[in-house]
Amino acid sequence: MSKPNMQFSKIRLSRRSFLKTSAATAGWLMLPGLGMHPSWAQDTRVLRVRDYGDPQSLDPGIASNLYEEHVNAAVHNKLIAYKPGNKWEWQLEAARSIEQMDPTHITFELKPGITFTNGFGEMTAEDVKFSYERIIDPELKSPIKGDWATLASVDVTDKYSGVIVLSKPFQPLWMTTLPYMGGNIVSKKAVEAAGGKFAAMPSCFSGPYIIKEREPKQRTVLARNPEWKGAPAGFDEIHIFPIDDEKTAEMGFEAGDLDYTRVSMSSYKNLKKTPPKNSVVEKYPSLYYVWLGMNMEHPKLSDERVRRAVQYAVDIPSILAAAYDGVADPATGYVPPGLVGHRPDTLVPPNADFAKAKALLAEAGYPDGIDLDLEVRNKAVYIAAGQVIQAMAAQAGIRMNLNLHDSGSFWSLGDESKGDRWKKLQLVLNRFSSAPDPHYAAQWFTREQVGVWNWERFKNAEYNQLYEQALAEGDKDKRDRMYRRMQELMEASGAYRFITHEAVPVIYTDRITPALRPDGMPLLRYFTTA
Amino acid sequence: MLFYLLKRVGLAVVIVVVAVVLLYSMIHVVPGDPASVILGPRATPEMKQELHKLMGLDRPFVVQVVSFLGKVARGNLGMDFFSQRPVAEIVFKQLDETLVLVLASITWAMLLGIPLGCYSAVFRNTFSDKLVGVFSIGVIAVPSFVVALYSLLFFAVTLKWLPAIGAGESGQFLDQARHLILPAFAIGLGWVGYIARLVRASMLEVLNENHIRRARAFGLPETTIVFHYALKLAILPTVTLLGTGIGRLISSAVFAEIVFARPGIGKLIFDSVVSRNYPLVMGAVVVSTVLFVLSTTISDSINAMLDPRVRERL
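Those protein sequences? They're chains A and B, same order as listed. Residue numbers for the first sequence follow the numbering used here, beginning at 3 and rising by one. Residue numbers for the second sequence follow the numbering used here, beginning at 282 and rising by one.
Any given hint might turn out to be false.
Now the in silico label distances, taken between C-beta atoms and shown as ranges [claimed, not checked]:
(1) B:PRO367 x A:VAL167: 34 to 42 Å
(2) B:LEU350 x A:ASN380: 27 to 35 Å
(3) A:PRO228 x B:PRO341: 52 to 60 Å
(4) B:SER532 x A:ARG487: 51 to 59 Å
(5) A:LEU68 x B:PRO326: 20 to 28 Å
(6) B:PRO326 x A:LYS275: 34 to 42 Å
(7) B:LEU522 x A:GLY371: 51 to 59 Å
(8) A:LEU68 x B:GLY337: 28 to 36 Å
(9) A:ASN353 x B:SER348: 54 to 62 Å
(10) B:PRO341 x A:LEU94: 52 to 60 Å
In case anyone wonders, no lab produced these hints; they're calculated from the structure. Positions of the beta carbon are idealized from the N, C-alpha and C atoms, including for glycine.
Whenever a hint applies, use it, and build me the whole structure from the sequences.
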């Protein structure tokens, strides 16, 4: 070993002094006394929540994402709004009263004294008329136009009253239009002054909160609306952080940076067993539905017996155990429990029947089995589900090849307008979001949706007929039977194997009382301190 | 030197144009429809068609590329159809965050890596040198996302000393600095090792050169010899490494931005590719390519200034 050829100690910045300086700097930055770490800023009047996306457009007429609605619902008013709790119900919000006079006429009366900020005056029936009619105006190109598809007009009776006139009866209005994205009321004056639509930030608000600050991709800050005269807002400010990854959000919660977040299904059991200090972990049923779809027009799957073989070869309990950590329950269709149209059972039992699957394949002319392609989104949960399906199906002689896609590629797989990819589509593990009325899920499987969102290319005259009838049907029991029958028709076609509705596990600090929809989605304006 | 600079800038422009054309082609080859993502499931085919027209996607590919390059030359990166805001505004807002993160990471890595490298070279083959060697190789081997995750779990979740998510409140310097510590630590740690190894190797070479021996013979203080004469030459490869390292740092920043839920250009590109937001992808890619090319051009120019032989090699 050679000896050092110089005295390094002559150098003024010695190793020790360097380390001392570094440690002192780091220690200073970490000093709790500076009070800059959110986890120390335990101001009970600031609520910090995570949402899975960053709002792009905050004009209620053109916003179409749930995370945009979370903000809009806190800063605007609707005639009626979802009631927090375990049952899908609505309650009056801006309306003093609202009533269905006949299948196509709904009268309403606004509460007097609801004002728009920034001097845009009191909310009137004219604002309601403007807000709803602009959504069906082709000029606006609203993505939620379908929610008001049957709106003929809103007739103003006096300053606070009016009549919503429908061109034909539309039952989902009460659960998916008025209390949801299409129900937000904006100021006619403000929107017109903004040139017909709000840009990134609305110029006025009427809810218990206003948008104080938007830092794209970082956070949205809502602050108490000083002009709000209703029940006081629970917090001085709400900070909404857009965090796509649930695991990151979980760590943010555990570090004390968040008060409420949805967590991953894979973490639910651990968190429930050993929850972080001062936190509550709960699980809610989700409105999402996951299914294995089969392209009925693909030559390999045009024989119903092949499709039925695939149905029998998929073991639902194994998928739920492996991909959903046993947290989710099997689905019986696209309507989850608790909503009109939910089916108690499926035609094909959740457990696989490999012998029956093999027999069906042999009958269809595939005694040595069949090779099929399964398209899956590249998210851990779907990949796991796809691998289980692959392994199970192999036992019935169905050799599946898994193709992974990022979401951009995945969502155009069955879209006819995007070339010929739909022709090669065989099996697809799909997942759609939904709303608390069966119509919302049912609409994607009509004949008109073939090649758009109906990738199975399921065409059934009875389904279409029932779909139209159910939209207008006011009798709850009759609607229930119609939607059950529609899902039965889908399953009987062999093109669908319903898997699960997933679950929504959430975690929140015990210093807040969250207000959640029955599916665990937050209604921020009703959150309060515990 | 002027001729060298002109050649270098010309080459930089060619690199940017080629990179933009390549990336533009790649993103259009990947299947996926931005209109479906932007408008959501309830969009009608007519609405999708109209958006395609608005985005210029109905035009031939070559026309799209030429039109895009023309706009870029005029400093116009287009509009983001999701948020209806100028792409440049979105990209530069995110770029600020990434640049701060990258600069913080590389600064602390240099502050520690250069002295460590010098120390190792001066005390070569001692126990301390070997210890620094093991440390350097160790931190190079650990991926930055692993450092990010474990530092987050330890310092934010377990000890609760530092925040886990976000970039801090705008305008609050201390809050932003606090939010920067863990991500900068995660990204910079590997670079401490790189820089230490590189500086050590260069220093060993330089310390044996004649002019250093002569300086020592004249009785100059060792501090002056190491930091004034030897380091000036030994730092050259590190400057080059830092120039080309900007691209790698931006890639590492993506992980830190995801793990710490920070805004930044890496995450912006990732999210935009997933949602097929072509205008935003291209805007962000153009800006980061220019940034990368600019940093390599600057580092090459510094090298050329410090070492005239470099000028002859271009």
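Taking the CB of LEU522 of chain B and the CB of GLY371 of chain A, does the distance hold inside 51 to 59 Å? 55 Å, holds
Holds or violated: 20 to 28 Å for the Cβ distance of LEU68 of chain A and PRO326 of chain B? 24 Å, holds
Just to be sure I understand the hint, the distance between the Cβ atoms of SER532 of chain B and ARG487 of chain A should be within 51 to 59 Å; is that true here? Given a distance of about 54 Å, which is inside 51 to 59 Å, the answer is holds.
Please check whether LEU350 of chain B and ASN380 of chain A have a Cβ separation lying inside 27 to 35 Å. 32 Å, holds
So does LEU68 of chain A sit 28 to 36 Å from GLY337 of chain B, Cβ to Cβ? 30 Å, holds
Does the hinted range 52 to 60 Å hold for PRO228 of chain A and PRO341 of chain B at CB? Hint holds: Cβ distance 55 Å, inside 52 to 60 Å.
Taking the Cβ atom of PRO326 of chain B and the Cβ atom of LYS275 of chain A, is their distance within the range 34 to 42 Å? For PRO326 of chain B and LYS275 of chain A the Cβ distance comes to about 49 Å; the hint is violated.
Whether the CB-CB distance between PRO341 of chain B and LEU94 of chain A falls inside 52 to 60 Å: With a Cβ separation near 55 Å, PRO341 of chain B and LEU94 of chain A satisfy 52 to 60 Å, so the hint holds.
Holds or violated: the 54 to 62 Å window for the beta-carbon distance between ASN353 of chain A and SER348 of chain B? Between ASN353 of chain A and SER348 of chain B, where Cβ atoms are some 57 Å apart, the hint holds.
The hint says 34 to 42 Å between PRO367 of chain B and VAL167 of chain A; measuring C-beta to C-beta, is that right? 41 Å, holds
Checked against the numbered hints given earlier, the structure breaks only hint 6 and satisfies all the rest.
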